[in-house]
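Q: Numbering (this note's numbering), first residue to last: 5 to 381.
Don't read these hints as lab results, they were simulated from the structure.
A couple of the hints might just be wrong.
[To be verified] The following label-pair restraints were derived from C-beta to C-beta distances: (1) N310 <-> A37: 44 to 54 Å; (2) S9 <-> L144: 12 to 22 Å; (3) F46 <-> S9: 14 to 24 Å.
Even for Gly, the Cβ is constructed at its ideal location relative to N, Cα and C.
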Amino acid sequence: MLPISIGVSALYLTGPGLAVLVRQLQFVEKKEAIYLTLALVFGGLLSYGIYQLSDYFCDWVSSEKKVHGSFEFAAKFEGHNSPASKELESGINSFHSVKPKPQVSAASTAASSDEQTAKEANQNINQFLTPVVNGFVDTLIVISLGGGFDLWLFFRQKKRLLEDQRLRELKQAQEARREAELRLSVLVAQVEPHFLFNTLAGVRSAINTEPVRATAIVDHLVDYLRTTIPKFRSDGSSSQARLQQQLDAARAYLNLMQARIPRLNFSIESEIADAALPPLMLISLVENAIKHGVEPKIGPAHIAINARELVFDKQSLLELSVADDGVGFGGTTSGSGIGLENIRERLASMYGDVANLTLKANPEGGVTAIICLPLEK
C-alpha cells in the first residue's frame, strides 16, 4: 500500500498543481492549452516514476526481511536436529513408501484430460481479459486523479464563457446601434424644423420689401424639401448614407440660403465619385458654418465644400472639409456646440480612433471643419 499511496498522492498533486501555475502565468489561449496538457502528462509520468521507485524500495526491504528470517529458521531447525527427530522422520518416509497407489481407469483419465483442457482455455481467456480490464480501470483512475476530466471540463466551460462574452458584446453593439439610430432620428427631427423656421422667417421679412426674392426663397424651399426630406427620413434609421446624396443635399441647402442671403457664394468640389458617409454629418457642418460664420459677418461670404481621398499608414481615408470666411472663433462659437459634439460621438462610436473631427482657423478668417474617416466605396 505504501507505493500506491505515494504514487496516487503525486498523481493528483503534481499535474493539477502545475496546471494551476500555468493558469496564473496567463499565457495566450493556444499556448495555455498546450502547457496545461503537458503539465498533466508530466505529472502522470512523474507519479509513475515515483510509484516504481517506492515499489522497488518496498520490495528490497521485504526481500531483506525474508533473508534474515530464513537464517533464523535454519538456526532453530539445527537446534532440534536430535536422534529422536531423525527416527520420526524415517518412520514417516517408510509409511509413504508402502502406501498403495490408486488404480486409474481410462474413463477417469479422459475426464481429467477434458477438465485440464477447459482449465487451460479459461486460463487463456483470463490472461487476455485481465490486462484489458486492469488497463481500462487504471486509465480511468489516472485520468480522474491526474486532472484529465478537470481539463476537459475547463475547456468546455471556457468555451461557454467565450460564447457568453460574444453574446454580450453582440448585445452591447446592438444596443449602441439602436442608441445611435435614436440620436440620428432626434437629429433629423431637429434639423428639419431649423431649416423651416429660418427659411420661413426670411420669407416673411422679404414679402413686403422684396416679393421677387421671397418668391425665389419659396421656390428653392420647395425644391429643397422635395429632394432632401425623403433622404433624411430614410437615413434616420441607417448608420451609413452616400457622399453624393449628401453633397446634393448641401447644394440644395446652400441654394436656399443664397436666396435668403444674397451676399453668400459657395463652391462644391469632390475628387471621389461616391463613398459611404454617416448621414447628416455634412449638412450639420454646412448649417454650423452658416449660423456661426456667415450670418454674423458683414459683407460677402463664401463657403467651400471639398471631398478628397488621403492615404495614411497604408489606409485610404475620406477627408471632407467645410470652409467659410466668416467671423471665425472670434464670433459666437469656439467649436464646442451640441451639433459638433454629436458628430464627434458618432464618429467615435462607429470608427473609434480612426475617425475624427477637427476645427482650424483660416489665415484669411473663418473656420474650416474637417471630417476624416475610413474610405468605404
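Q: Confirm or reject each hint.
A: Outcome of the hint check:
no., hint, result
1, N310 <-> A37: 44 to 54 Å, "53 Å, holds"
2, S9 <-> L144: 12 to 22 Å, "19 Å, holds"
3, F46 <-> S9: 14 to 24 Å, "21 Å, holds"
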